[in-house]
Amino acid sequence: MATRTPDLGRSINVKDVLDPALWRARYAYGLPVGEKPSDGARARSFFDGIPDDTIRWHLRAALSEAEMHLGIELGIEVLKARPVDPGLVKGQHYDRTVERLPFTRGEEEKFFRIDLPHGPVISVERVRAYYWDTLVWEFSNSDPTGSLQNIQLEWSKAGSIHIVPANMQAFMVTKSGTWGVWHTIRLSNEPIPAVWAVDYTIGPNHNDTPGHVPAVLAHWCYCVAGILLLSIGGLAQSKGLSSTSLSFDGVSKSVSLQASAIYGINSALETALDNATKRIDWKKLRAAYGRGMRVRMY
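Per the working numbering, the sequence shown starts with residue 16, numbered consecutively.
Hints are computed from structural coordinates only; laboratory data are not their basis.
Mixed in with the good hints, there may be bad ones.
[Stated by the list, open to error] Okay, derived cross-link-like pairs now, DSSO-like style, lysine-lysine, Cα gap no bigger than 27 Å in a straight line: (1) Lys30 to Lys298; (2) Lys125 to Lys172; (3) Lys172 to Lys30; (4) Lys172 to Lys105; (5) Lys105 to Lys30; (6) Lys172 to Lys299; (7) Lys293 to Lys30; (8) Lys30 to Lys299; (9) Lys172 to Lys293; (10) Lys172 to Lys298.
[Claimed, not checked] Label-pair ranges, simulated between beta-carbon atoms: (11) Asn28 to Ala209: 35 to 43 Å; (12) Gly86 to Ser138: 20 to 28 Å; (13) Lys105 to Pro208: 18 to 26 Å.
The C-beta atom is built at its ideal place from N, Cα and C for all residues, glycine as well.
Full structure from sequences and hints, please.
Laid out in C-alpha cells, this is it:
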C-alpha cells in the first residue's frame, strides 16, 4: 500500500493571500528597523505600523492582476439567476445576479447540457427552467418533485453541467401537469432565450479544496504587492533623502533626493521580489488551472 503524501501546504486559502499579517511575517520581517527600545524589546519595523488596509489594498490589486492573467475569478462568489427569490439580500445571501441561459436542441441531445458562463464551478444549488417567464421545471433540494441528484457537474473548470433524471417520465411532466410546454421546447429548431436559471457558486479549487490557490500563485501576489509597499516604506523611512554630505573646507553641503536616485533603502529586497515575479510560468499555470477552451452546441 502506497504511503499517503500530505499536501505540505501547497494549497493556500485565498483569505490568507489577502492577510496583511501574513505578508508582514513572510516578506517584510524586521525591514527596515529603527532604534532598539530602551527596554530591550524588538525594534519595530516600519511595516509594523503601516495600516492593514494599505497592505490589503495592494494584495487585492495583485490578486486582481492574477485573475486577468488566468482569465478566472479567484474569489468565492454565490451567483443567483433571475428572478431571485424574495427575501434574499445581495451581499448577505449572494454576491451577484446572472441572466437566464438559452435552450438549444444540441444541449437537449447531450442530456440537457448547460454551459455556465462563469467558473470554475464549486457547486450547483438550483436549476430552474422558464418558458415565457413561467416556471415549468425546478431541480433543488427544497422541491419535492426534483432533487439536485439529477444535476451532474461534468467539468467544474469549464462549468458544464447535465440534467440526468432518474425518472425521465416524471421529469417531462411540467409543474402544470401538461405536455404542451415540453413538446414546444423539445421540438424547437431555434434556440429559445432565457430558459435555464442556474444558481451556483464559483471560485478557485486547488487539489479539490474550494477557495484555495496554488502556493506559487500566492507567492506571486505577495511579491507583486511587496515591491510597491517596500518602495513606500523606504521613502517614508528616509524622508525622501537618499544621501547627504557636508564639507568643512569649502563650507558646502549637498543633498540627494530619493526621486533622483535609482536605489532606495529596500532596493535589494525590491529587486529580489521583482525577480521572483518573473519566474512564474503563466502559460503552464493557465493550462493547469484555467478554464480552457469553451465548446458550445448549436
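Status of the hints after comparison with the structure:
{"no.": "1", "hint": "Lys30 to Lys298", "verdict": "25 Å, holds"}
{"no.": "2", "hint": "Lys125 to Lys172", "verdict": "19 Å, holds"}
{"no.": "3", "hint": "Lys172 to Lys30", "verdict": "21 Å, holds"}
{"no.": "4", "hint": "Lys172 to Lys105", "verdict": "25 Å, holds"}
{"no.": "5", "hint": "Lys105 to Lys30", "verdict": "21 Å, holds"}
{"no.": "6", "hint": "Lys172 to Lys299", "verdict": "15 Å, holds"}
{"no.": "7", "hint": "Lys293 to Lys30", "verdict": "24 Å, holds"}
{"no.": "8", "hint": "Lys30 to Lys299", "verdict": "24 Å, holds"}
{"no.": "9", "hint": "Lys172 to Lys293", "verdict": "26 Å, holds"}
{"no.": "10", "hint": "Lys172 to Lys298", "verdict": "16 Å, holds"}
{"no.": "11", "hint": "Asn28 to Ala209: 35 to 43 Å", "verdict": "37 Å, holds"}
{"no.": "12", "hint": "Gly86 to Ser138: 20 to 28 Å", "verdict": "21 Å, holds"}
{"no.": "13", "hint": "Lys105 to Pro208: 18 to 26 Å", "verdict": "24 Å, holds"}
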